[in-house]
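Enquirer: Guided by the hints, dock chains B, C and D with the ligands onto chain A, whose structure is given.
Going down the list, the sequences are from chains A, B, C and D. Residue 6 is where the first sequence starts when you use this note's numbering, and the numbers rise one by one after that. Residue 6 is where the second sequence starts when you use this note's numbering, and the numbers rise one by one after that. Residue 4 is where the third sequence starts when you use this note's numbering, and the numbers rise one by one after that. Residue 561 is where the fourth sequence starts when you use this note's numbering, and the numbers rise one by one after that.
It should be emphasised that the hints constitute simulated quantities derived from the structure, not laboratory data. There is no bait here: all hints are sound.
Restricting the straight-line Cα-Cα distance to at most 20 Å, the calculated cross-link-like pairs of lysine to aspartate or glutamate (DMTMM-like) are:
1) B/K334 to D/E865
2) D/K880 to D/E868
3) D/K1048 to D/D735
4) D/K882 to A/E219
Simulated restraints, written as ranges between beta carbons of each label pair:
5) A/N230 to D/K932: 22 to 32 Å
6) A/N230 to D/S616: 36 to 46 Å
7) B/G35 to D/E1005: 56 to 66 Å
To be clear about the criterion: a stretch of chain A counts as covered by chain D if any three or more of its residues have a C-beta under 8 Å from a C-beta of chain D, and this derived list gives those stretches:
8) 195-206
9) 209-215
10) 224-233
Just so it is clear, the structure is predicted and the values come from calculations on it, not from any experiment. Glycine is no exception: its CB is placed at the ideal position from the N, C-alpha and C atoms.
The chain contents come next:
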Amino acid sequence: MIKGSISPKMNNKMNKSLRRDISHIAIILGIFVLMILFFFILKPNYLSYDNIMTILLATCVNGLLALGVSFVIFTGGIDISVGCVMTFSSVMSGIALTKWGFSLPLTIVFGFLVGAFCGAVNGFGVTKMFLPPFIATMAMQMITKGLSLVVSGIKPVYFTSAPGYQNIATGNFLGIQGFYNAIIILIVIAVIAYIIFSKTLIGRFALAIGSNEEATRLSGVKVDNWKIAIYSLCGLFAGFGGLIMSSRLNSAQPQLGAGYELEAIAAAVIGGNSLNGGEGSIVGTIIGALIISSLTNGLRIMSVSTELQSAIVGVVLALAVYFDKMRRKNA
Amino acid sequence: MIKGSISPKMNNKMNKSLRRDISHIAIILGIFVLMILFFFILKPNYLSYDNIMTILLATCVNGLLALGVSFVIFTGGIDISVGCVMTFSSVMSGIALTKWGFSLPLTIVFGFLVGAFCGAVNGFGVTKMFLPPFIATMAMQMITKGLSLVVSGIKPVYFTSAPGYQNIATGNFLGIQGFYNAIIILIVIAVIAYIIFSKTLIGRFALAIGSNEEATRLSGVKVDNWKIAIYSLCGLFAGFGGLIMSSRLNSAQPQLGAGYELEAIAAAVIGGNSLNGGEGSIVGTIIGALIISSLTNGLRIMSVSTELQSAIVGVVLALAVYFDKMRRKNA
Amino acid sequence: QPASKDTQDDKPYIAMIALGYGHQFWQAVRQGAEEAAKDYNVRITFEGPEEETMVDKQVDMLKTALANNPAAVALAAIDVESVTGILKDAKAKGIRIVGFDSGTGEEAEAHCSTDNLQAAALAAENAARILNGKGKIGIVGHSQTVIDAVQRVDGFVEKIEKEYPDIEIVDIQYGDGDHLKSAEVTKGMLQAHPDIDLIYTSNEGACVGAYNGLKEAGKIKEVLLVGFDSSAAMKEGVRSGEIVGAITQDPVGMGYKTVEAAVKLLNGEKVDSFIDTGCYWYDASNMDEDHIKPLLYD
Amino acid sequence: MGNKVIEMKGINKSFPGVKALDDVYFDLNAGEVHALVGENGAGKSTLMKILTGIYSMDSGSIMINNNKVNIDTVRDAQKLGIVMIHQELNLMNHLTVAENIFIGREKKRMRIFLDSREQNEKSSEIFAKLNLDINPNIRVGDLTVAKQQMVEIAKALSYDSKILIMDEPTASLTDSEIEDLFRVVKTLRDEGRSIIYISHRLEELKIISDRITVMRDGRYINTVNTQEADIDDVIRMMVGREIFAVKQEPFTKENAPVALKVENLNAGRMVQNVSFYVRQGEILGFAGLVGAGRTEVARAIFAGENYESGDVYIYGKKVKIKNPSDAVKAGIAYLSEDRRRFGLALGMNVDENISMANMKEFSTLSFINFTKSLKNSQKQKEALDIKTPSLKQKVKFLSGGNQQKLVLAKWLSRDSNIIIFDEPTRGIDVGAKSEIYKLLNDLAEQGKAIIVISSELPEIIRICNRVLVMCEGRITGELMGEEIDQNKIMQYAIKRNISNGRLTS
Ligand SMILES: Nc1ncnc2c1ncn2[C@@H]1O[C@H](COP(=O)(O)OP(=O)(O)OP(=O)(O)O)[C@@H](O)[C@H]1O
Ligand SMILES: Nc1ncnc2c1ncn2[C@@H]1O[C@H](COP(=O)(O)OP(=O)(O)OP(=O)(O)O)[C@@H](O)[C@H]1O
Ligand SMILES: [Mg+2]
Ligand SMILES: [Mg+2]
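Next up, chain A with everything else stripped away, as it sits in the complex (with noise of 0.2 Å):
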């Protein structure tokens, strides 16, 4: 065994973290730039300036939502009620402002509290009630779904009271006309997942705890509590996504949220995270994220008929994630 010095890995510990994102996430990065250049060819103002705005814009809800679940889902677990979660932080953050005169900053915190504590009752059934996570978070978006609707007594919750709530998500960001702030919110709060994800402590258990929870136990890891902190992370997320998705409607909107969770899911994985748990990449989720919604956006601008766009966008979820696993396998 020919032993290396030290210093020269530590000199690189850096480039080859970066690096072996960079490969992780190789091929759906590939795909990611021949779809767009594909509609680009095929319309060339899909790569408008507004254009591109759009699909930032439309990436934002489910870039947070996926966000959150890829923490889920580098445990092994995964999150179903991400999207009833989301709305329901949104009802209640509507609520708080408008039944119980919450101020501006207060509702959009109080969301977010709404948001973690669904996920730590995610995280609750699934470490002190034994629930399979699919089960556990199944029985919250149905919970989530119902009280939504109860709370807001059916009727979407306007936010038109605070002026300016709407700006938060459409406003312009530091004046760039077409620039809106959510990218700019979805940008920064994927920057902070990156280093929660990569430089902390939840990010190293939540890898752990997929690649083996009960070794991760009998390391003396506390992980009950990791998992809940992961659900509540992950409710936050949501809770994120509830501000981003009511100040853009500028209401809460009881009945939606069913159907995000899918989607959010699908960013993850498209993105490169297995489901099993035990790795997996941020930069990932968010190109995940990207393919979705440009994909969408160009087969609207193709003007591809409403009920051929699912089918496709099944087919390239399945092929993006089979030519990830392939990269994986020639590795």
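Expert: Chains B, C and D with the ligands in isolation, oriented as in the chain A frame:
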């Protein structure tokens, strides 16, 4: 080490397997009975002959889907395409009957084949394309959802040209008033599913794969082929569901389908089947499906508002699975 | 003409975005719109979110449609509030805005729709007439949130409560417009209230679902059924008298008139700001008459 | 002895970053037991996996009965009569013993219906032949590791194959079980079958093998006839260097403080009234037959599993341990007997695994200090001579023995006061084994209290200052210094408590 005599153990075998099954479903059987009593006390006509038949009929479609999905769950997989595959198979048989002039029996068989084919494609995705089951079947869900609309021209396909089609599901069995054929079909198919599960290779290998896929493969079992067979079986059951569904409505409704898969999975899981695979019970699945339909029916009879129904089913789902887990932990 | 033309096509382009997509109602609107497009030689696209609840998807669709430089946009907004800003910008660019069905609020230069409240009241009137002003009614709705659906229930309830004191509405349940679910809902309702005389349903899925539920419960014609919208199954039910009657809203006409209004706006002609496409009661006795027959669709 | 049934020539195989096999030669005669030995990571398992169609070789040729063959799948190998018992257990835990044995070759009635009765009977026959008492109708997951191992062996025997490969079959067996196994192996050989036998227990080779092939660092070194061979030569060929040998001194620091004291511990069926102590600097052994409940004692102390009653004192202070995290905080470390299930995150890399138990140390305010953790991992890697291309290598690509060292490294990083080793040398080669013994000694020297659970009596005898023997969940005896010998241990190990009517099932 002291040797017990072998033969008494042997003789106990059948008893044991039955006993295992009963202990497996003891808790949910208890929940089921309690629930029925609860509704019966509040609304005595809950247990009227007519209402019992209504509940049983309402169990049919979900029960068939749940049976199919159970086999996939035994392998540790999941199939979220069953709802849309069911719709697609009924749309296709509608087309075969009305456009291609198939005879009625041929139409029915064709519908089953379409279901099984979709299942086989799922299996292909899972085995040969290395897709996680969730993803393969999510893609299939999107694809069949789109294709159902495209093929049908976004219109219901009517079976009115085949008189008697509606009787397949809602005719009276042996002329017994109110005793629908669909119920007998469900019972017969459930028995067949039970036999397939407990007496044939497909059931054995489903469990073996769910328990330890790699070990099964290393034992020389052609795991891929069996998985394809199991997913096809699941698709076939979705085809059965499509038959009952379209016969009840005397038409194939192309926009239906999404959402049915979650209910089917919920039934299987309430029935005590672990999403990790490796163990399970067909009897459990059927009871799970009965719990869902009798709960929903009971809530409707009590005029509980629709939005609360969803939340209540969510809570019951979580609790049922929780109690079942507790039983196992203590066993 | 300030509106820009599509580069690949000389015909003016009109983007239509509906509330939903899968229901026959929207497909009938689409059919009418396509007929008008042919007649007036314009190009249209017709889309809608897969669920009638997905507000943000509809907003994305609208934005994407605008990226294709349409001459006019026709929209049935799920939530008017959510599109007002975008429509304002579009209008400023010279794009003409037409509303249909649920409409687009202030920004529309023309609005083609039926009054769902009024249509539901018409259903109530007929139901009351059939019951001779006395009896118990159950309602199977298709959504608690989509505006049309809510109005179709509210209008019915209001009318009955106001004008028919001897009629009681005993239960309202929702079946998502899913045929099977609506059948189960109906049967559950009959179990809870065996004395129901009539069931009113708010769309095609609810109606056909209830129709099957009644058939399965062996209560057809014993419990009367009033429906909404149209489809082959409903027409057959109405013809046989098993559905006593239903309301149709002429969605084909709505689609046609929407495109027509947009074309007229593009040509600088004057257009009425509100175009009522009406609502009609149909039953076995009148469904083959000339003014009803074309309004029924499959 | 006669004709070659297998001849493997010029076999090459690379994994990313590792040349696992380099021009390897191997042959097998009809009716012989051929031992294959080598250090951890020498490539033994890999070579056998190529022979059984699990891996495909990069180049080389395989002749069976002098015909060139292609073995692409497990089925191909089975058809050629080659069956392997893997180093790591490969069982379906949810299925019954009989179902596991006959997986893929189910007995059927009327072509489609499964016949569990016949399978159960056939399984019982095999167990009878092995002189084992295992109920074929019990779920495999409910058996101990050792019994599971026996099921694996029964399964392989049931193939009635011409060539049987055993990859460390005795790693988790006790002496009496090993005797049974050897008896079976000899019967099979006398029936004319050929057996490839991989083991790190070199003392077994003289008893069981006819020839020995030695591998080192992925290369073929030599083949010798066992009769003529000197085991020390074999070791030299394997290791290529001298071996460190320890002779355990009797424990002298009798008044060293008691580090861990357990009183009247009851936990589930398998831990009854267990009381013992271990002093700082002492190495305490737990001996007993497989299934005696030693692992249960360790897990009850470390993870509070099945805990019913009893007290645990650490340095005289009573502690309540409800989960591993409490134990780790209290300064206890536990190396489990099944590293793949309980010891390692196989999908993560070497560094991440080594630092797992100690992340608090390697992070500030939850932010990970990568430099610190890598530095520690590098130190451990060198100290334990862990063979890995880099600290970023995924653990699943390491050989079995190196994986075991990794678990050790994890706990050594943690600097715990009390360390429980459950079968610490399972699957570890002689060289590494003696290093681990030295390490245990060093750790004791440093003042750590050490508990070693081992089913290898020579190991217990060689390294322990004091030995407790368990039988059926109770401590049946205590031996010290000169008293520690094979016979005494065995006497205590079978000292059943007949009065309470309990029998092993
Ligand atoms: N799937 C794999 N991917 C990458 N490297 C591997 C893989 N399997 C084995 N190796 C490497 O190949 C080499 C040989 O491993 P192998 O398991 O054959 O050793 P072994 O002789 O059986 O050792 P042990 O006695 O520890 O089981 C090791 O360096 C190991 O790290
Ligand atoms: N998961 C389990 N379920 C049921 N019984 C078990 C389980 N694990 C172990 N046992 C039983 O507990 C007893 C003690 O097993 P344990 O693993 O503690 O033995 P041990 O003395 O540590 O032996 P070794 O470690 O050598 O296998 C055995 O009789 C075994 O059958
Ligand atoms: Mg090995
Ligand atoms: Mg043990």
